[in-house]
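K.L.:
My request is simple: use the sequences and hints to build the entire structure.
Protein chains: 2
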Amino acid sequence: MGAASIKPSEAQADVADNLPPNVPEWMKAQGAPVLHPAYGVPSPFEADVVRRARSRARMSTAASSTTPLQDLHGIVTPNGLHFERHHAGVPTIDPEQHRLMVHGMVDRPLIFTMAEIMRFPSQSHLYFLECSGNGSFAGLPSTATAQDTHGLISCCEWTGVPLATVLAEAGVQPHAAWVLAEGADGAGMTRSIPIAKAMDDALLAYAQNGERLRPEQGYPLRLFLPGYEGNMSVKWLRRLKIGDQPFETREETSKYTDLMPDGTARQFTFVMEARSVITHPSGGQTLDGHGFHEIAGLAWSGHGKITRVEVSVDGGAHWRDAKLQTPVLPKCLTRFRAAWTWDGAPARLQSRATDESGYVQPTRDMLVGARGLNSGYHDNAIHTWGVLADGSVINAT
Amino acid sequence: MGAASIKPSEAQADVADNLPPNVPEWMKAQGAPVLHPAYGVPSPFEADVVRRARSRARMSTAASSTTPLQDLHGIVTPNGLHFERHHAGVPTIDPEQHRLMVHGMVDRPLIFTMAEIMRFPSQSHLYFLECSGNGSFAGLPSTATAQDTHGLISCCEWTGVPLATVLAEAGVQPHAAWVLAEGADGAGMTRSIPIAKAMDDALLAYAQNGERLRPEQGYPLRLFLPGYEGNMSVKWLRRLKIGDQPFETREETSKYTDLMPDGTARQFTFVMEARSVITHPSGGQTLDGHGFHEIAGLAWSGHGKITRVEVSVDGGAHWRDAKLQTPVLPKCLTRFRAAWTWDGAPARLQSRATDESGYVQPTRDMLVGARGLNSGYHDNAIHTWGVLADGSVINAT
Numbered sequence: 000m001g002a003a004s005i006k007p008s009e010a011q012a013d014v015a016d017n018l019p020p021n022v023p024e025w026m027k028a029q030g031a032p033v034l035h036p037a038y039g040v041p042s043p044f045e046a047d048v049v050r051r052a053r054s055r056a057r058m059s060t061a062a063s064s065t066t067p068l069q070d071l072h073g074i075v076t077p078n079g080l081h082f083e084r085h086h087a088g089v090p091t092i093d094p095e096q097h098r099l100m101v102h103g104m105v106d107r108p109l110i111f112t113m114a115e116i117m118r119f120p121s122q123s124h125l126y127f128l129e130c131s132g133n134g135s136f137a138g139l140p141s142t143a144t145a146q147d148t149h150g151l152i153s154c155c156e157w158t159g160v161p162l163a164t165v166l167a168e169a170g171v172q173p174h175a176a177w178v179l180a181e182g183a184d185g186a187g188m189t190r191s192i193p194i195a196k197a198m199d200d201a202l203l204a205y206a207q208n209g210e211r212l213r214p215e216q217g218y219p220l221r222l223f224l225p226g227y228e229g230n231m232s233v234k235w236l237r238r239l240k241i242g243d244q245p246f247e248t249r250e251e252t253s254k255y256t257d258l259m260p261d262g263t264a265r266q267f268t269f270v271m272e273a274r275s276v277i278t279h280p281s282g283g284q285t286l287d288g289h290g291f292h293e294i295a296g297l298a299w300s301g302h303g304k305i306t307r308v309e310v311s312v313d314g315g316a317h318w319r320d321a322k323l324q325t326p327v328l329p330k331c332l333t334r335f336r337a338a339w340t341w342d343g344a345p346a347r348l349q350s351r352a353t354d355e356s357g358y359v360q361p362t363r364d365m366l367v368g369a370r371g372l373n374s375g376y377h378d379n380a381i382h383t384w385g386v387l388a389d390g391s392v393i394n395a396t
Numbered sequence: 000m001g002a003a004s005i006k007p008s009e010a011q012a013d014v015a016d017n018l019p020p021n022v023p024e025w026m027k028a029q030g031a032p033v034l035h036p037a038y039g040v041p042s043p044f045e046a047d048v049v050r051r052a053r054s055r056a057r058m059s060t061a062a063s064s065t066t067p068l069q070d071l072h073g074i075v076t077p078n079g080l081h082f083e084r085h086h087a088g089v090p091t092i093d094p095e096q097h098r099l100m101v102h103g104m105v106d107r108p109l110i111f112t113m114a115e116i117m118r119f120p121s122q123s124h125l126y127f128l129e130c131s132g133n134g135s136f137a138g139l140p141s142t143a144t145a146q147d148t149h150g151l152i153s154c155c156e157w158t159g160v161p162l163a164t165v166l167a168e169a170g171v172q173p174h175a176a177w178v179l180a181e182g183a184d185g186a187g188m189t190r191s192i193p194i195a196k197a198m199d200d201a202l203l204a205y206a207q208n209g210e211r212l213r214p215e216q217g218y219p220l221r222l223f224l225p226g227y228e229g230n231m232s233v234k235w236l237r238r239l240k241i242g243d244q245p246f247e248t249r250e251e252t253s254k255y256t257d258l259m260p261d262g263t264a265r266q267f268t269f270v271m272e273a274r275s276v277i278t279h280p281s282g283g284q285t286l287d288g289h290g291f292h293e294i295a296g297l298a299w300s301g302h303g304k305i306t307r308v309e310v311s312v313d314g315g316a317h318w319r320d321a322k323l324q325t326p327v328l329p330k331c332l333t334r335f336r337a338a339w340t341w342d343g344a345p346a347r348l349q350s351r352a353t354d355e356s357g358y359v360q361p362t363r364d365m366l367v368g369a370r371g372l373n374s375g376y377h378d379n380a381i382h383t384w385g386v387l388a389d390g391s392v393i394n395a396t
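For the record, the sequence lines run as chains X and B. Using numbering that gives the first Met the number 0, read the first sequence as starting at 0 and increasing by one per residue. Using numbering that gives the first Met the number 0, read the second sequence as starting at 0 and increasing by one per residue.
To be clear, the hints were calculated from the coordinates, so they are not data collected in a lab. Treat each hint with caution, since some may be false.
A pair counts as met if it fits within one copy or between any two copies, since identical chains are not told apart.
[Stated by the list, open to error] Cut-off 25 Å, straight-line C-alpha distance, at most; resulting in silico cross-link-like pairs (BS3-like, lysine-lysine): (1) Lys322 to Lys304; (2) Lys240 to Lys254; (3) Lys240 to Lys27; (4) Lys196 to Lys322; (5) Lys196 to Lys304; (6) Lys254 to Lys27.
Every value quoted in this text rests on a predicted model; they were computed, and no experiment measured them.
P.N.:
Okay, here's the thing in structure tokens:
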């Protein structure tokens with residue numbers, strides 16, 4: 000970028016010439032102009048900070064990609080790094096031709112244009128979104144990074160219209176109990192939403208982190224159900240049908256249920272329970288010497304606010320409180336941090352989240368004991384990173 | 000993107016074929032795969048939502064570009080749309096070769112690598128950043144948008160190390176009162192910072208909205224001074240010199256002072272005082288018919304939290320309170336909203352912010368009366384948008 004304006008003799012300078020007390024080469028020339036480009040992009044030195052595919056997908060349109068948690072700071076996920084999970088790829092939708100239908104048990108069936116939806120009063124909230132499959136029940140290799148183990152979670156400021164506002168326009172009938180949400184993708188993604196959630200904090204979201212939704216996040220319109228498993232926040236939302244029973248779509252019968260050890264399946268396990276992960280130090284990173292290191296990570300709960308995060312450096316034998324970055328917001332990522340002086344001995348790093356309902360994140364043994372290993376969904380167990388004597392960090396779960 | 004996978008016969012379908020009750024063409028095919036691309040980009044239908052150059056620059060490396068406030072929602076500015084202001088363009092800096100020197104009135108002069116800086120305890124905060132030249136004292140045409148009138152402001156979650164932490168390592172001497180901050184750009188941008196601010200909430204920032212700083216925001220390291228005029232948050236930070244007097248650099252003598260009516264200049268006017276702007280409806284937009292419209296906008300203060308925003312639809316004759324989106328954070332943008340039923344008559348829309356210090360945003364007459372028209376900096380006057388009978392919105396300030 001700016002390098003093009005550096006004279007060849009300077010570009011060939013020794014690295015040491017750029018170190019103090021010398022004036023570095025990039026101070027001896029004009030840099031890149033403004034609007035280079037008009038919509039900015041990351042530094043070329045950060046080219047490794049990208050989403051990555053999960054290995055388990057059999058086709059690239061029914062697949063997922065993960066957020067590089069190990070390289071991020073704070074709680075906001077840049078839109079370009081928000082995880083993806085699609086069932087039939089990302090449709091290209093002209094917003095002028097997109098419509099939202101509301102029908103079923105309503106007094107007035109309605110069809111809205113995007114302009115009509117955006118005319119309603121709006122709200123903005125920082126919320127996490129997590130795929131129910133964001134887990135490692137199946138086990139991951141010791142080389143796994145935080146992106147591999149926990150990368151199906153992201154956090155943005157979402158703006159939209161309360162779903163309750165639009166349902167009030169249509170006039171929901173007294174015995175209505177469920178809402179079918181349908182996406183305008185090739186999968187016709189459909190889920191049943193309890194009417195109580197629809198009337199509570201559900202949003203018809205059209206913006207994320209200030210700008211309009213990204214295509215892979217449902218442009219031009221998605222449902223957003225704070226704290227619920229991600230697939231229910233139906234993208235490319237085209238239809239809401241009100242009923243008095245769940246609609247028993249394939250995504251809530253053959254998929255997105257939790258097969259238990261006795262062969263029965265838990266259905267409608269909506270809320271993502273309290274969970275946390277240490278992002279630094281984490282798998283694939285290396286501690287640069289003994290002494291002070293900051294342990295940093297993320298905690299979240301679909302039930303509300305995180306009230307406490309504890310960390311352990313000895314695999315759960317001893318715990319101490321981490322500091323929570325304020326503001327702590329409900330159904331949002333919370334950044335936690337704890338000071339650690341590494342003495343050079345091998346260590347086992349863990350974090351444990353508690354939410355405002357009093358729920359405490361379980362150990363893996365507790366979770367597997369209760370749930371078995373038949374299901375890949377709703378893994379919220381305490382995770383372990385191993386720190387080896389040479390400072391390298393490995394997945395130890 | 001996904002359009003490439005649509006069969007020609009479908010691609011030629013009539014627009015009406017995509018409207019209810021029909022199933023739109025983009026539901027009849029697989030869409031784009033995941034990681035298309037690995038670092039995501041906005042929808043092609045949002046190609047107009049970009050930064051734009053301000054007209055007054057004489058060269059493209061000593062120039063500014065503006066955030067499209069009229070197209071944004073909530074408070075977060077996506078990194079790709081953060082405003083720019085450079086004095087010698089954007090340098091391309093290899094983070095491995097970047098150093099921060101701390102010297103002057105300290106016990107231990109120090110030179111830090113980026114890895115060393117990032118090892119210190121960190122903090123994350125949502126803060127606005129506003130250029131002191133974000134104003135329209137000189138007058139703008141009736142066609143001006145919110146991007147033209149107020150676009151030199153953005154808001155991100157910034158992560159970094161408290162400057163106080165690094166100064167404590169160096170050991171600041173008792174009579175120190177000022178810190179010189181120098182950028183590693185071709186302009187050698189330098190400003191003097193009061194030691195009290197350096198010890199308060201100043202950050203050595205290395206990340207914005209989760210990811211590492213963008214090149215045009217100072218990659219790999221910038222100073223961040225919450226609530227202060229933007230140019231003091233020195234980008235590409237390479238040097239901090241501690242002294243007992245301000246350093247009287249060119250950017251605080253010939254520039255970035257406020258020339259008063261009597262010919263004297265105000266110097267060291269650091270804090271950006273309370274201000275607000277209505278972003279919808281705003282210049283260049285058109286109201287789509289009479290009836291309900293949501294007035295939405297942004298308010299901020301370098302002194303802390305916004306406590307109140309009032310709106311007027313009759314040019315300031317009558318005011319009523321807007322609703323503030325929570326959480327309201329200090330030195331951060333606050334989104335305000337107010338319901339409005341437009342009766343079709345011409346209207347004059349204004350907003351007025353109050354902050355926790357009790358300061359109330361002034362009218363333009365009050366500001367010009369106190370400050371005159373010699374200076375282009377620190378314009379925080381109440382702004383007026385005119386709504387014409389045909390629904391079009393014009394700049395009326």
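K.L.:
Could you run down the list of hints and mark each one as holding or not?
P.N.:
Hints, one by one, checked against the model:
In this assembly of identical chains, the alpha carbons of lysine 322 and lysine 304 lie at most 25 Å apart whether taken from the same copy (14 Å) or from different copies (23 Å). Only within a single protomer do lysine 240 and lysine 254 lie at most 25 Å apart by alpha-carbon distance; the minimum there is 21 Å, versus 61 Å between protomers. Within a single copy, lysine 240 and lysine 27 get their C-alpha atoms only as close as 64 Å, which misses the 25 Å cut-off; across copies the closest is 21 Å, which meets it. For a Cα distance limit of 25 Å, the shortest separation of lysine 196 from lysine 322 across copies, 24 Å, qualifies, whereas the shortest one inside one copy, 32 Å, does not.
Proximity of lysine 196 to lysine 304 under the C-alpha cut-off of 25 Å is restricted to the intra-copy arrangement: shortest distance 18 Å within a copy versus 32 Å between copies. For a Cα distance limit of 25 Å, the shortest separation of lysine 254 from lysine 27 across copies, 22 Å, qualifies, whereas the shortest one inside one copy, 60 Å, does not.
When the structure is compared with the earlier hints, no violation turns up for any of them.
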